[in-house]
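Chains as they are written, first to last, in the working numbering: chain A, 1 to 344; chain B, 1 to 344; chain C, 1 to 344; chain D, 1 to 344.
FYI, nobody ran anything at the bench for these hints, they're computed from the structure. Please note that the accuracy of each hint is not assured.
Same chains, same names: a pair is fine if it fits in one copy or spans any two.
What the hints assert, rightly or not - Simulated pairs of lysine to aspartate or glutamate, EDC-like, Cα-Cα distance not exceeding 20 angstroms:
{"id": "1", "residue 1": "Lys228", "residue 2": "Asp183"}
{"id": "2", "residue 1": "Lys228", "residue 2": "Glu114"}
{"id": "3", "residue 1": "Lys228", "residue 2": "Asp245"}
{"id": "4", "residue 1": "Lys228", "residue 2": "Asp277"}
{"id": "5", "residue 1": "Lys239", "residue 2": "Asp140"}
{"id": "6", "residue 1": "Lys239", "residue 2": "Asp66"}
{"id": "7", "residue 1": "Lys228", "residue 2": "Glu249"}
{"id": "8", "residue 1": "Lys228", "residue 2": "Glu284"}
{"id": "9", "residue 1": "Lys239", "residue 2": "Glu117"}
{"id": "10", "residue 1": "Lys228", "residue 2": "Asp255"}
{"id": "11", "residue 1": "Lys239", "residue 2": "Glu43"}
{"id": "12", "residue 1": "Lys228", "residue 2": "Asp64"}
{"id": "13", "residue 1": "Lys228", "residue 2": "Glu143"}
{"id": "14", "residue 1": "Lys78", "residue 2": "Asp163"}
{"id": "15", "residue 1": "Lys78", "residue 2": "Glu284"}
{"id": "16", "residue 1": "Lys78", "residue 2": "Glu60"}
4 protein chains.
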Amino acid sequence: MDEPIRIAVVGLGYWGPNLVRNINEYPGAEATVVCDLRADLLETMARRYPAVRATQSFSEVLSDPDVDAVVIATPVSKHHPMAAAALRAGKHVFVEKPLAASSDEAVDLIGLAERRERVLMPGHTFLYSPPVMMIRELIDSGELGEIYFISTSRVNLGLHQPDVSVAWDLGPHDFSILRYWLDETPAYASALSRGCVIPTIPDVAFINLEFPSGTVAHVELSWLAPSKLRRTTIVGSRKMIVYDDTSPEPVRIFDSGAVLPNPETFGEYKLTYRTGDIVSPRVEVAEPLYREIEDFCSAIRGERVPRSSSALGLEVVRMIEAVDASLESGGARIGVSTPARAAA
Amino acid sequence: MDEPIRIAVVGLGYWGPNLVRNINEYPGAEATVVCDLRADLLETMARRYPAVRATQSFSEVLSDPDVDAVVIATPVSKHHPMAAAALRAGKHVFVEKPLAASSDEAVDLIGLAERRERVLMPGHTFLYSPPVMMIRELIDSGELGEIYFISTSRVNLGLHQPDVSVAWDLGPHDFSILRYWLDETPAYASALSRGCVIPTIPDVAFINLEFPSGTVAHVELSWLAPSKLRRTTIVGSRKMIVYDDTSPEPVRIFDSGAVLPNPETFGEYKLTYRTGDIVSPRVEVAEPLYREIEDFCSAIRGERVPRSSSALGLEVVRMIEAVDASLESGGARIGVSTPARAAA
Amino acid sequence: MDEPIRIAVVGLGYWGPNLVRNINEYPGAEATVVCDLRADLLETMARRYPAVRATQSFSEVLSDPDVDAVVIATPVSKHHPMAAAALRAGKHVFVEKPLAASSDEAVDLIGLAERRERVLMPGHTFLYSPPVMMIRELIDSGELGEIYFISTSRVNLGLHQPDVSVAWDLGPHDFSILRYWLDETPAYASALSRGCVIPTIPDVAFINLEFPSGTVAHVELSWLAPSKLRRTTIVGSRKMIVYDDTSPEPVRIFDSGAVLPNPETFGEYKLTYRTGDIVSPRVEVAEPLYREIEDFCSAIRGERVPRSSSALGLEVVRMIEAVDASLESGGARIGVSTPARAAA
Amino acid sequence: MDEPIRIAVVGLGYWGPNLVRNINEYPGAEATVVCDLRADLLETMARRYPAVRATQSFSEVLSDPDVDAVVIATPVSKHHPMAAAALRAGKHVFVEKPLAASSDEAVDLIGLAERRERVLMPGHTFLYSPPVMMIRELIDSGELGEIYFISTSRVNLGLHQPDVSVAWDLGPHDFSILRYWLDETPAYASALSRGCVIPTIPDVAFINLEFPSGTVAHVELSWLAPSKLRRTTIVGSRKMIVYDDTSPEPVRIFDSGAVLPNPETFGEYKLTYRTGDIVSPRVEVAEPLYREIEDFCSAIRGERVPRSSSALGLEVVRMIEAVDASLESGGARIGVSTPARAAA
């Protein structure tokens, strides 16, 4: 096997330590440097990983010849400047989701990565989660038939962010999953939200998406909810799925549907309903973050475009921007512009 | 006690027989006539209730001096002509929800009832359901604090209607409940829907409502869903509620919320979260339809305006019309005009 | 088709009216007489079914030539005298479970029925419930492998009986189901119980059963419980089942188990575990009581021995007697004597 | 504060590493030595905790003057010899549950600890779990009334042990919890079990316990089950509790019960049932193992007898021995002898 890819992790808040742990568990990589301004967080990591160098200086990371790639797990506003600097320093870059704070920033990073021939990858971790992957395969194989609609709720009490809305915070999860499952970008978005606790910061949002194929999707996001809910319903013409990330049975397939015996004469004939078995397939247990690091390293080795590609990351940012534009215009239906082709 | 109110039930489909049964169980009323065009349904009722007269002629019902009130449980398109005829014949009228097929029709019926001094009452049965009533009291008493938002799902596999959309079929339930709980009419509605099985008949709808007080509501309705779901989440500034009509614990009160220690300085201070006890209060077991018939009869005796008033019924129709208008204009936010004052 | 079988229903408490309704719905039978000492119950039935004759006199029922069969839904202590009288009067007899208050009584009734060539059938309704029948087929087909053990809970708040223990009241359900599924009579029973509310009347019981094949079963019965629980777990060597009568998915099949790679060398090798798909098969919706009446009538027409046979009913009584004997001897393991062969 | 207590952890299988982590998190203690025969496990710990000394020699641990206390997390058969050696070497001793492989061994260890004036504590971790502690308080306060019965299930697919039965493996959890809640030792035990996968090793057991106060308990244990179940029902004369360790609402209090209006005349009067609110109280989130280590250290400092006392540990062993004796005698009811008084 090749030499392990040497990775610096910048930002040791919530995700940083998990990234360090998974990088060290993956045989094809090693965490060589951790970087944060907060000395106490550095110290904790140093104690846990004596072999990893700890620094408060990001420029030291950039100039370190022993660093092949940089993982950026800082607040969104820092994504563009830090990723750009790292790409310019010749490093491959993994950025926590969302890729950047605007599509302009994201386009800029993608161009930079292309020119420098470096990998740029956003951390849409859910694309590596076994239930999400299984559902993608079920949709792809045609087992569900035409996808009529998808309705999803991601709500919880907690984690208000002082600087971003709930759509910027939780939206990337569902937007990247929908993009991955349906393999198309929504044409339109519209949204209603409210800043309940802090009037200027939306903490609940109801988002509608319309896809070119006809599929519609509804996404409910909230930091204010009586209990944790992660429930996605996928209604196809042949089968339906309920996906719940918090359940011991995360994927449930319902062999149910409405049958239209003779479409021309509807009005005279009644629909019939089919209700069959419900199956909870065994879902492989695997840590998505590990798979994601593995995909990042494969991309660095030139083996493939990562599933969580920069092109997908740009589309996710464009979807959030469309949501913001809809909110600003009182809920109007806003076109989601198609990302630049070059980016894939 | 007064003489029992003599009631004719017109339309013996799904709701009709339940209405007859509850009318007969309520001591203050008796079902004297049943009317339907379908002879087999009449026969079934005749066998079950030998004392009830069965007829296929609606005009016979109207001219019957032994009929004080008429209950109309026919398709929506028949509500206005039949209710108008009954009011003109001097009968009190109970109409299954929605009150009429348009707000113009509803306004016309309300005017007619006023002029003839007869009771006109739409059958918004959920307003008589013990959990719905308990939640109204909890909101009224201030125990939940300010109502931030309400999100509700009413989905199921089945019962596509050939003539109406899912919003006209299922919407009256949630719209009447929201109107009753919040005691205000929404200012705006917007919606996304799709006709999945029959392209011209919307069978899934995502509806947003904005109320003058600031409360926002989201209503998901569908005839296509993997399993029955009746789940309403009410998020208040002090407490939250989950209401599920299908659960043995239909009302669950969560003593949880976000606390903003010092609103002026947010950005520097973090929100704290409060998670307290969860209580499933004992909810009285009572048949809503019985209570509804009782309320109708009290209104006939002049004792009170029914909880499910014609004014409320008109507002519900206006909410559905706003949803339709939004759908026609590609999801635009549509004002819900305030119903005529005279109607209450 | 033959003339409908004319049936008298004796005892109009909880089960009686349900039996009358199902007899009238089944085309091959009709309820001709209802009998109870309580005039108000008779009156209610008379109003509901004007064609049915109501009487307070059981001997009148017995001497009525228009009665082919008698359904007895009275307290257990009355089962033997009333069933014996009816058999002697030449009627076919259906007795609510348990068949009799002792195995001596049951044997006596079985002998009488044989001599008079009449059908004697106990009302073990669960044997006609679609989920119970589906599980019987799954066991029979070998899909579950060897049945290692079955554990079942039937608990609830309510319905203390003044005259019988919880084992006599609820035990017949589980004992008849186990007998039907496993197709064998337990060899031994042992039990622990307590009279919590009334010291002399056991209202909770923990019962162990050992079957000749090696299967063991545990049955928990109680009238005192925080919530209704009907949960049966069946653990086979190949698959496992959870059966819950109160769930929308009453049968769930788990393709899971422990695998012993090499039995001879256990101790050195570790067991491996297999966890596969979980399937909730679609279960037909049908009223068990209707099927039971149908089976009774088929037996009267000489077409077959009813699934809920008098032989099975006798075994159930013997199982309860063994439980009682165990309780009297401080929990000792008591042999369950095999019922007389002649009875099948 | 005093010097931290220096602790050696012997046995690095499942529990060992968790114990090391919690010892290091508790400010009043530090893990100074880890000991195991398996070099790879030692190495892993050495990498994780560079300051902790790793050794394969137990005698080295015993002779180390820098070790105040020894935590023993080895298979049950090693508990007595290792704990005895450690006590003789003057160390305080914490032994994973069960305390020893027989009551004779346990009595021997208790005597030795007394003579050497050292702490001997078994690791009944559940006694430090917040829901278990809350329920103890609810029982103590009388809020539940008289405890009629307790029924508990601890089942799961997995973790067959090659050397012990399911009663020795899982029984200590429930037996210690019951002992703690009820504050009394059971008078009698009886049991049924089966070795389903390996005939000589019982992997399912149904255990009955009778307490002097009249409370009865049923404990179902199994390594073979379709899904993880941890469900305990506590039925009191005033209230009932469902405790489920795997639920986000681990304690649910039901204000329900049966009411006997006039005990003298039962038979004439019917019982009435009370069904009130259900409350899921907020349960503190805390790691039980941390609390347990804290209690061990307090005991070493002479501040108190640990909640998980050696006397309780001996009683638990006696309960398992009574279960074994019952199994050997075909399910007979076996007296559980009271532990020596001196042990507390």
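Cross-check of the supplied hints:
1. Lys228 with Asp183: Close neither inside one copy (28 angstroms) nor across copies (29 angstroms); limit 20 angstroms.
2. Lys228 with Glu114: Answer is neither: 40 angstroms inside a copy and 49 angstroms across each miss the 20 angstroms cutoff.
3. Lys228 with Asp245: Both, since 11 angstroms and 18 angstroms are each at most 20 angstroms.
4. Lys228 with Asp277: Between copies only: 15 angstroms across chains, 28 angstroms inside a chain, cut-off 20 angstroms.
5. Lys239 with Asp140: Close inside one copy (13 angstroms), not across copies (30 angstroms); limit 20 angstroms.
6. Lys239 with Asp66: neither (51 angstroms within a copy, 53 angstroms between copies)
7. Lys228 with Glu249: both (16 angstroms within a copy, 12 angstroms between copies)
8. Lys228 with Glu284: This pair counts as between: shortest inter-copy Cα distance 18 angstroms, intra-copy 23 angstroms.
9. Lys239 with Glu117: Neither: 43 angstroms inside a chain and 53 angstroms across chains, both beyond 20 angstroms.
10. Lys228 with Asp255: Close across copies (15 angstroms), not inside one copy (27 angstroms); limit 20 angstroms.
11. Lys239 with Glu43: Classified as neither; 52 angstroms inside a copy, 40 angstroms across copies.
12. Lys228 with Asp64: This pair counts as neither: shortest intra-copy Cα distance 42 angstroms, inter-copy 50 angstroms.
13. Lys228 with Glu143: neither (30 angstroms within a copy, 22 angstroms between copies)
14. Lys78 with Asp163: within (12 angstroms within a copy, 55 angstroms between copies)
15. Lys78 with Glu284: For lysine 78 and glutamate 284, neither the intra-copy (35 angstroms) nor the inter-copy (37 angstroms) Cα distance is at most 20 angstroms.
16. Lys78 with Glu60: For lysine 78 and glutamate 60, the Cα distance is within 20 angstroms only inside one copy (17 angstroms; across copies 53 angstroms).
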